[in-house]
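Undergrad: Sequence:
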Amino acid sequence: MVLNHGMSTVERHRLIAQAVREAGSATVTELTELTGASEMTVRRDLDHLASQGVLERFRGGARTLLLRGEEPPFALRAHEALDAKRRIAAEVASLITDGETVLLDSGTTCLEVARLLHGRQVTVMPLSLQAIHLLGDAPEPTSLLVPGGRPRAGEGALTGPLTLASLSALRFDTAVLGCCGLTAGDGMTAYDLDEAAVKRAVITSARRIIAAADGSKLGRTTHAYVGPSTLVDTLVTDTTASTDETTALESNGTTVKIV
Numbered sequence: 004m005v006l007n008h009g010m011s012t013v014e015r016h017r018l019i020a021q022a023v024r025e026a027g028s029a030t031v032t033e034l035t036e037l038t039g040a041s042e043m044t045v046r047r048d049l050d051h052l053a054s055q056g057v058l059e060r061f062r063g064g065a066r067t068l069l070l071r072g073e074e075p076p077f078a079l080r081a082h083e084a085l086d087a088k089r090r091i092a093a094e095v096a097s098l099i100t101d102g103e104t105v106l107l108d109s110g111t112t113c114l115e116v117a118r119l120l121h122g123r124q125v126t127v128m129p130l131s132l133q134a135i136h137l138l139g140d141a142p143e144p145t146s147l148l149v150p151g152g153r154p155r156a157g158e159g160a161l162t163g164p165l166t167l168a169s170l171s172a173l174r175f176d177t178a179v180l181g182c183c184g185l186t187a188g189d190g191m192t193a194y195d196l197d198e199a200a201v202k203r204a205v206i207t208s209a210r211r212i213i214a215a216a217d218g219s220k221l222g223r224t225t226h227a228y229v230g231p232s233t234l235v236d237t238l239v240t241d242t243t244a245s246t247d248e249t250t251a252l253e254s255n256g257t258t259v260k261i262v
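Quick note: the sequence shown uses the working numbering, first residue 4, plus one each step.
In the SDA-like style, the derived pairs of lysine to any residue whose C-alpha atoms are separated by at most 20 angstroms in a straight line are:
1) Lys260 to Gly190
2) Lys260 to Leu119
3) Lys260 to Ala187
4) Lys260 to Arg89
5) Lys260 to Arg223
6) Lys260 to Thr250
7) Lys260 to Thr242
8) Lys260 to Thr186
9) Lys260 to Pro231
10) Lys260 to Ser245
11) Lys260 to Asp247
12) Lys260 to Thr237
13) Lys260 to Arg90
Pairwise CB distance ranges (calculated):
14) Asp140 to Asp189: 37 to 43 angstroms
15) Thr100 to Ala53: 42 to 48 angstroms
16) Asn255 to Leu68: 35 to 41 angstroms
17) Asp176 to Arg47: 43 to 49 angstroms
18) Asp140 to Gly102: 19 to 25 angstroms
19) Gly163 to Ala93: 29 to 35 angstroms
To be clear, the hints were calculated from the coordinates, so they are not data collected in a lab.
As the structure is a prediction and not an experimental result, all values here were calculated from the model.
C-beta: ideal position from N, C-alpha, C; glycine also.
Construct the complete structure from the given sequences, taking the supplied hints into account.
TA: Written as structure tokens, this is what we have:
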């Protein structure tokens, strides 16, 4: 039982979403005991999370919308491991020098990188609507390139033939790649086949590949294969990453930076 009346709304939403996802469902009473919030507050939280596609409401509680192995929605991932993602983003941004052309993958960690490239002397092509919007008002000397493509519902990630055509027409100094799963043995994987195709095209279009992934992504394998881990020049991750996995990745030739 957790009684934390000082818990922020974001922290409470994360805790509720995690509890529902792990248990499959939860009642308002159970979530009230978990968070220490009132039943009225928990009901409002559930209504908000349901509107974001994080869970499904039923009378007196909520159930998960995710099947085993499915990707949690962007609205939920945006608040998970946020401190680690910001540390990772800061390290990634420090590896990018002024004047570079940068290809920026979709995902929550890459969105944090976009925040730090805002106003930098770089040319950036983001592959998500969120990052395009964030960089849309960037002042000089930042230069924004906008690809074609169809955004994935609820994600904003650009996929499809137009995205692939945009990538094949250009070459970049650096690509910042988000990872759904990364292991030394199984390589890089994604949840979605179309997304995996875009990631493969990203790798082909860039001279240097920097993978930005918090520790929860290491040692995980999802079903859509992207490529071997040896394609990653540098991995930036956080201190929760498996030591065995980072050691194996280094043995395969990837430079690992832990923040």
